[in-house]
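Colleague: Same order as they appear, the protein sequences are chains P and V.
The first sequence begins at 1 in this note's numbering and counts up by one.
The second sequence begins at 1 in this note's numbering and counts up by one.
Simulated from the structure, these hints should not be mistaken for lab results.
Treat the numbers as computed from the prediction; the structure is a model and nothing was measured.
All C-beta atoms, glycine included, are put in the ideal place defined by N, C-alpha and C.
One or more hints might be untrue.
Pairs of lysine-lysine residues, derived as DSBU-like cross-links and limited to a Cα-Cα distance of at most 35 Å, are as follows [stated by the list, open to error]: (1) V:LYS116 to V:LYS70; (2) P:LYS81 to P:LYS65; (3) V:LYS127 to V:LYS48; (4) P:LYS51 to V:LYS145; (5) V:LYS18 to P:LYS25; (6) V:LYS184 to V:LYS127; (7) V:LYS145 to P:LYS58; (8) V:LYS135 to P:LYS65.
Away from chain V, derived, C-beta distances all over 10 Å, residues of chain P [what the hints assert, rightly or not]: (9) GLU20; (10) SER30; (11) LYS31; (12) GLU32; (13) GLU34; (14) PHE48; (15) GLY60; (16) ILE68; (17) LEU71; (18) GLU89; (19) LEU98; (20) LEU99; (21) VAL102; (22) ALA111.
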Amino acid sequence: MTIYNLYIFDRNGSLLFYHEWIRRKHTSMSKEEEAKLLYGMIFSLKSFCSKLSPVDMKQGFSSYKTNIYRLNLYETPSSLKFVLNTDNEASQQEIRELLSGVYCQVYVEFASKSPMLVPGEIITSNFQYL
Amino acid sequence: HEKTYSYPLDIKLKFENKRVTVAFGERDGVCIGHVLLAVNGQPLSYDKLPDGRNVFDFLEERENFPVNLKFGRAKITTNEKIVLASMFYPLYALAVQLSPDQGSSGILELVTDTFKLNSSQTLTGVKFIVVADLKQSGIDQLLEKIYELYADYALKNPFYSLEMPIRADLFEQNLQVAIDQIEKTGFI
């Protein structure tokens, strides 16, 4: 299972954190623009799914797949969004657990509880990664 | 979701997009975004009861209570379907642009917790989109079959003009047969 990159967005759509492990294709725009574009896409996808859904949904949009990568979204009740691009080998259950682990064990512990964190700004504290 | 309510109504309603929707007061299965479908068994047309009275005025008066209200998800209109399909096009293209690796296609599969959407694009850019249950199998075969049906009953139809909605009985009949087959057996 390959992980390409991870984005974390807050409830207003500002990028809080970005990390890339493998990236073979870059877009021609700056990181901020790319993050805004991605957030806009996620927002549109969520609204698209809620209109299309035959019954009321609890979590809504969770992932999409192309022929070479899969984009996974994990949204917390506080509208914090974790976006992870992986390859197509991993199971969705695994990735969901991974992202919820990133939220509970890494973000909440080191970012939410950090007294230095300013809401809405990019997280610069040192993460110990899984 | 039908329920009988007494005065005063604790669900806040508002008139939006030509429909009476629930703005606040989510409870007992009635969610925000649900539409008021019927009052005392009588279906609503926009914001008016069948006898012409405005439903907001009706619900203000104490003597009309207790009242039986039916809420549900709004029925999606053809126009909205066209809008949604058009929304899918740029999202499909963005998936290619935001790809972390070379050679990506657009969105092939979109997963939510209540449904799954599969799409397939032909060499000419025509997209086939199927919305199905999460556990439904064989959708890739279904998409190919629909492409065949499109080529046979829409494109080869002398009365069909390109880019227009398809109104061919044979196309719809064969489509229904293919869908029934996939629902029963899970493959074509």
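Colleague: Looking back at the numbered hints, which does the structure fail to meet, lowest number first?
Modeller: 3, 5, 9, 13, 14, 15, 16, 17
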